[in-house]
Structures are given as C-alpha cells and as structure tokens.
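A.B. asks: Listed below, chain by chain, are the residues.
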Amino acid sequence: MSGPVSRGAILGALLKKELIAYSRDKLYLFLTLLTLVFVVVIFWVVPDTVEESLTLAVSPPVQTLIEDGVETFRAMGATEEQLAELRQTDLAEGEEGLALVEFENEADMTAVIEGTLEAWRTGEGELVLRDREAGEEKPTDAERVRVDIGIAFPETFISDVATGKEGVGVTVYSDAAVPEEIQGAMTSFVREAAYQLAGKQLPVEMPDEDTIVLGTDRMGDQVSMRDKLIPMLAFMMLLIETFSMASLISVEVLQRTVTAVLVTPARVVDFLTAKTIFGTGLALSQGLIVLALVGAFTAQNWWLLLITMLIGAMMFTGVAMVVGAAGKDFLGQLFYAMLFTVPLLIPAFSVLFPGSAATWVRVLPTFPLLDALVNITIYDAVWADVWRSFALGAAWLVVLFGAGLLVLKRKVESL
Amino acid sequence: MTTPAIKVEKLSFSYGNIQAVKDVSFEVMPGEILGFLGPNGAGKTTTIKVLTGQMPPKSGRAEILGMETGHDDPEIQAQIGVCFEEKNLYLNMSALENLDFFASLFGIKDANSMEVLRRVGLADRAKDRVHSFSKGMRQRMMISRAFINSPKVLFLDEPTDGLDPVTSATIRTTIKEEAERGAAVLLTTHDMFEADQLSDRVAFINEGEIVALDTAENLKLKYGTRSVKVHLRDGDHVREERIPLDEPDSSVRIAEFAASPDLMTIHTEEATLEQIFIELTGRGLAG
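Chain order of the listed sequences is Y and U. In this text, residue positions in the first sequence follow this note's numbering: the first is 1, and each later residue adds one. In this text, residue positions in the second sequence follow this note's numbering: the first is 1, and each later residue adds one.
There's no promise every hint is true.
As the list claims (entries may be wrong) - As a list, the in silico SDA-like pairs of lysine to any residue whose alpha-carbon atoms are at most 25 Å apart:
hint, chain 1, residue 1, chain 2, residue 2
1, Y, K16, U, K22
2, U, K22, Y, L415
3, U, K87, Y, D25
4, U, K109, Y, A111
5, Y, K411, U, D110
6, Y, K138, Y, A111
7, Y, K26, U, K229
8, U, K109, Y, A9
9, U, K135, Y, A111
10, U, K87, Y, N105
Keep in mind the hints are simulated off the structure, nothing from the lab. Source: prediction; values computed, not measured.
Can you build the whole structure from these sequences, using the hints too?
C.D. replies: Structure below.
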C-alpha cells in the first residue's frame with residue numbers, strides 16, 4: 001500500500017513519462033532533428049551580405065566625351081586649369097554605391113543590359129565582352145559585371161550642350177528589374193549634368209544632402225536575408241515542437257491514458273502543469289538551440305532573447321493544448337495545427353519582405369514577439385526598446401495559454 | 001463492526017436527459033467480491049466512474065473506505081486500483097516502465113513491478129513495449145497496473161471481456177488472490193459464468209437500477225427452477241425431457257425415466273444467473 005505522495009513527486013513522474021513518450025515518438029523526433037538541421041543549413045546558405053551598389057553603364061567612354069568637350073570649352077575661353085579639371089571628371093565620384101562601366105558603343109551597352117552579351121572585368125581592369133551563344137569562352141581571371149542601367153550619350157554631347165544646341169538626345173537604357181525610381185533618378189542625373197555643362201543654374205536650390213534618411217541610416221549596413229531569417233527560423237522550431245506536443249497530448253487523450261493517470265493521486269492540475277512545463281521546455285530549448293547555432297546571442301541580448309522565446313514557447317504550448325485536445329487523429333491534428341499555427345507564423349514571414357507589416361499582421365498574437373526578436377537580433381535593441389512588445393506579447397500569452405489550459409482541462413475531464 | 005470498503009446510497013447519474021444510474025445502493029466489504037452483472041449500457045461503467053472520482057454524482061452519496069467520493073480526491077485515489085474496460089496503456093513504454101510510472105504516481109519508491117508482472121505471467125516480457133503485446137497480454141497488463149499499489153479497493157471493469165479461456169482463468173486467479181489479501185472488489189461484467197465463479201455476491205443492474213442483489217446461490221434458489229434433464233433414445237433420434245424438481249410427481253417421473261431401457265443420460269440442472277437475469281429484466285446479458 002502506498003503512503004501520501006507529494007505533488008513534486010507526481011510532477012517528476014509525469015515529466016519523466018513525457019520525456020520517455022517524446023523520445024519514443026520517432027516521427028516527431030525525426031521532424032525535430034530534420035528541422036534543426038534544415039533551419040541551420042538554410043541560415044548559413046543564404047547570403048549574409050546585401051548587394052547595395054548600382055552599376056551604371058555609359059557609352060561612349062567618359063574620356064571620349066570629355067576630349068570632345070575640351071576643344072569646345074577652349075574655344076569658349078576656358079583656362080588650361082579648368083580644362084585639366086574637366087579631364088579628371090569622374091561621373092561616379094561622390095555617388096555612394098554607384099559603379100561605372102564604360103562601353104565603346106551603344107549597341108554593346110544595350111546588349112549587355114539586355115543580357116545577350118556578358119561583360120567581364122579582368123584582373124587588369126579591362127572590360128571583356130563575351131557572346132555566350134556564339135560559344136565564346138569565359139575570360140580567365142575575370143569577374144562578371146552585371147549592368148543594371150546605362151546612358152547612351154552622343155559623342156558630341158558636351159560640346160552640343162555647352163554651345164546650346166537644340167534637340168540633343170540622350171537615351172537611358174534600363175534592365176526590367178531596375179525600379180522606376182532609379183530610372184527616374186538617372187534621367188534627372190543626365191538633365192542636371194546637361195544644365196551644368198550649359199552653364200545654367202538649376203531652377204531650385206538643392207540641399208547639401210539630397211537624400212534624408214529617417215531613422216537609422218543603414219547605407220552600407222543593410223539587413224541581410226540571413227539576418228531576416230533568424231526570427232522565422234526560431235519560430236519554425238517552435239512550430240515543430242507545437243506539433244510534437246500536440247501529438248503527445250492527442251495520443252494521451254485518444255488512448256485515454258490520461259484517465260488512468262487521473263484515478264491515481266495525480267490531479268488534473270498536475271497533468272496540465274506537467275504538459276506546460278514539458279511543452280514549454282521542449283519548445284524553448286529547441287528555439288534557443290536554433291538561436292545559438294545561428295549566432296544570435298550576445299552578452300547583451302541573451303536575456304532579452306530568453307524572455308522572447310519563453311513567451312513564444314508558452315504561447316505555442318497553449319496552442320498545442322488546443323490542437324491536442326481537438327485532433328481526433330493524425331490528420332485532424334495536422335489540420336488544427338495548421339489552422340492555429342499558420343496565422344502565428346505570418347509575422348515571421350513578413351519580416352522577410354521590405355516595408356512595414358500590414359495592420360492585420362500587427363494584430364496577430366506573435367507580432368510583438370517577432371518585433372522584439374527582430375529588434376534584438378538585428379537592431380541591437382535594449383530593454384527600453386522592447387518592453388512594450390513584451391507586455392503585449394504577455395497579454396496575448398495569457399489569452400492563448402489560458403484558452404489552451406481551459407480546452408484541455410475540459411477535454412480530459414469529459415473523458 | 002467492519003466498515004464497508006465501498007458504501008453507496010441512492011446514487012444517481014445522468015448524461016443530459018439520459019438517466020444512466022438510478023438510486024443505486026450497495027455495500028462491498030473488505031475481502032469481498034461484488035459482481036455487477038448487467039448488459040452493455042446498464043450503468044456499470046458509469047457507477048465505477050462516479051466511485052473512482054472521475055465524475056461527481058448527480059444525487060446520492062458514495063463512500064470509499066469511509067471517505068466521501070465522487071470528486072478528484074488523492075487520499076481516496078491512493079487506496080484504489082482501477083482496471084478500465086478500454087486498454088489505456090502507454091503503448092510506447094515497456095511493461096515495466098508502465099508499472100513503474102504508475103507506482104511513482106502513488107509515491108511507491110521501490111515498486112515491486114517485476115513481481116506484479118510475474119503474477120500475471122508477463123515477467124518474461126517486462127522490457128518489451130506494450131504495443132507489441134497481444135490483446136490478452138494487454139489485459140493482463142491492465143490488471144497488473146490496477147494491483148501495483150496493493151489497493152484496498154479494486155474496481156475491475158469487464159476484466160476478461162473477449163479473452164481466451166486460459167487468459168481469463170489467469171486473471172480470475174489474480175482477482176481472487178487480491179480479495180484474499182483483503183481488497184474489496186467491485187467487478188463489472190456481462191459474463192454470468194465469471195460473475196458466478198468469482199463473486200461473493202452478485203448485483204443485477206439493468207437500465208441504471210439494481211434489480212437484485214444477493215449471493216449467486218440465494219439468487220438461484222429464490223428465482224431459479226431446479227430440474228432434471230434426461231436424454232432418451234427415440235428410434236434413430238434422441239429425445240430430451242426436463243422434469244421440474246419442485247412438482248409433486250417429480251420423484252415418480254424420475255424413477256420412470258431411470259427404469260426406461262431408452263435412457264441415455266440423466267443430469268440435475270439449476271438455473272443460471274443469465275436465466276435469472278432474463279426472468280427479472282426480460283432481457284439478456286449480451287445486449
């Protein structure tokens with residue numbers, strides 16, 4: 001006969017049983033390991049840099065244009081000093097992120113932008129064109145140059161503009177992927193150059209900085225796809241553990257082993273507590289492993305990440321309780337799992353796309369956590385930056401976890 | 001005077017508008033086996049659910065070892081063992097792990113799980129996972145789990161349902177051993193043979209009500225008809241005759257048959273519990 005048993009001993013026994021059951025569930029164990037490997041591989045495979053520079057092509061070469069203009073300016077009375085300054089003109093100077101490629105003729109330039117010709121830059125700086133379809137070999141020791149946009153000047157552009165010739169034509173060629181804004185900027189650039197060559201002032205006074213960045217100027221320090229993936233990968237891990245936990249609960253409910261447990265000194269509250277501790281611990285540990293493997297932790301942010309993931313893990317455990325109580329078989333469970341977890345993952349995907357999240361995304365329960373995760377891992381946020389997100393996330397946690405507890409409690413009591 | 005291990009007074013339970021148990025009253029003393037005999041849906045399992053604290057009664061009261069039950073009470077649950085009709089075992093755990101887990105829920109530190117498995121003939125499969133067990137082996141596991149805390153009160157819901165005779169006999173032996181140890185046993189079954197063999201007393205339950213409660217012998221005496229069955233040769237056929245023993249000319253008729261050259265066999269017959277149940281309720285036990 002048995003004597004009185006402590007709640008701690010009952011909890012310990014239930015947790016040990018959960019661990020055994022989890023370790024024997026080959027499907028979810030496999031999925032956990034697969035996801036763990038998958039998310040880490042995905043993280044290290046995606047680029048960690050952002051291509052920020054824009055390659056601008058011109059034809060004919062700048063020097064050709066200048067040499068044509070030098071004679072005209074000399075005739076117009078320019079000093080040798082001014083002419084020497086003109087010769088040293090660099091179109092890309094002062095334009096951060098702008099690389100210049102000079103083509104001998106307009107046809108080659110348009111062919112490269114269009115993609116029918118390839119442009120390669122050799123180690124000596126020479127530009128080599130390659131017609132792949134004609135079977136030309138790739139030049140050795142050369143790097144591919146991708147041209148996004150090009151400007152075709154007439155060879156007498158400078159002298160024509162300087163002398164005030166009417167109807168001077170300049171063509172801007174653009175790759176289809178170049179945003180409209182960049183195309184417009186190039187047109188303005190040509191117009192401004194023409195005005196200055198003609199010795200006329202622009203009709204407006206330009207500010208010292210023509211681009212005013214609001215917030216943190218991340219020019220040269222763009223958020224890479226790899227960084228953007230961190231919140232999604234961590235949440236994917238939580239999702240898989242939600243499936244695992246829901247499966248454990250579902251099996252317990254469907255096979256009615258919980259009924260056998262509840263006719264021992266173990267009470268419903270012990271059962272729910274054990275599920276909470278195990279589910280949260282499982283999801284939290286896996287989420288933290290992912291964050292550790294992708295190098296998200298720093299000496300400053302570890303505790304903020306811990307809080308974020310703890311709230312997330314408990315929230316997903318609440319969802320697992322609802323799913324586990326509702327699902328009648330594997331497919332039913334999968335259906336409910338998708339129904340509940342996909343909306344919770346949407347904020348994680350929204351991070352991958354530029355721009356602010358839509359209002360409907362911002363009201364999803366996981367948004368505050370994602371917001372905190374993004375701010376902590378990408379923007380080095382501190383407590384003062386993220387406490388509001390934590391508060392909102394905690395409020396959602398109460399709602400979702402409370403719902404999970406209630407649904408599962410009612411289910412096991414009705415068996 | 002010995003306190004009843006189970007005491008039930010006017011217990012009722014309903015699922016919505018369906019009255020599953022109606023004013024049921026009975027007692028089970030320590031060491032006694034009470035057979036709850038009734039067809040499916042008669043209210044046997046519902047009574048066990050209320051008594052084991054899985055559901056509160058709608059009215060009436062029930063006591064286990066002098067403590068009122070009908071709710072989640074660890075003090076009562078520490079003293080009971082339950083064998084459910086459905087085999088709700090942890091399939092991915094071994095037989096030993098299953099028993100050790102339940103022992104730990106009762107606070108038993110050095111559980112004698114191997115000995116319990118030996119009693120039900122599963123010691124050699126102790127380390128095998130339960131999902132590899134046959135139906136009979138799982139049922140024996142269910143019984144062993146109910147015994148793991150050496151309970152003072154045992155609730156056994158259809159413990160031999162659908163099992164082969166050998167497994168059934170093993171289980172019946174262990175149930176008798178538990179009663180001899182002093183455990184009060186409430187055994188629900190629709191197997192009249194099992195109830196007859198195991199029970200000290202039998203309660204007939206039908207549509208939620210106890211329609212008769214006594215020892216099997218008393219029930220047979222009270223409701224049954226004693227008779228003698230004879231088989232006689234009749235040309236190429238065999239003719240069967242039944243002679244009630246309680247009629248005035250019974251002894252004369254038996255003597256006549258005994259002297260007949262056509263007599264093949266002669267047997268005394270007593271009413272079965274099933275016949276009595278049918279007589280009392282107008283329905284069979286299998287339904």
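A.B. asks: Does each hint fit the structure? Answer for all of them.
C.D. replies: To see whether the hints hold, each was checked on the structure:
For the suggested pair Y:K16 and U:K22, the alpha carbons sit about 42 Å apart, so the restraint of at most 25 Å is broken. A C-alpha spacing of about 21 Å is found between U:K22 and Y:L415, which places the hinted pair at or below 25 Å, so the restraint holds. Taking the CA atoms of U:K87 and Y:D25, the gap is near 20 Å; set against the 25 Å cutoff, the hint holds. Annotation: proposed proximity of U:K109 to Y:A111 is violated, straight-line Cα distance about 83 Å (limit 25 Å).
A distance of roughly 33 Å separates the Cα atoms of Y:K411 and U:D110; the hinted pair therefore is violated under the 25 Å criterion. The suggested pairing of Y:K138 with Y:A111 holds, with an alpha-carbon distance near 17 Å, which does not exceed 25 Å. For a cut-off of 25 Å, the pair hint linking Y:K26 to U:K229 is broken: about 62 Å separates their Cα positions. With a CA separation close to 10 Å, the supplied pair U:K109 and Y:A9 stays within the 25 Å bound.
At most 25 Å may separate the alpha-carbon atoms for a hinted pair to count; U:K135 and Y:A111 exceed this at roughly 77 Å. Annotation: proposed proximity of U:K87 to Y:N105 is violated, straight-line Cα distance about 85 Å (limit 25 Å).
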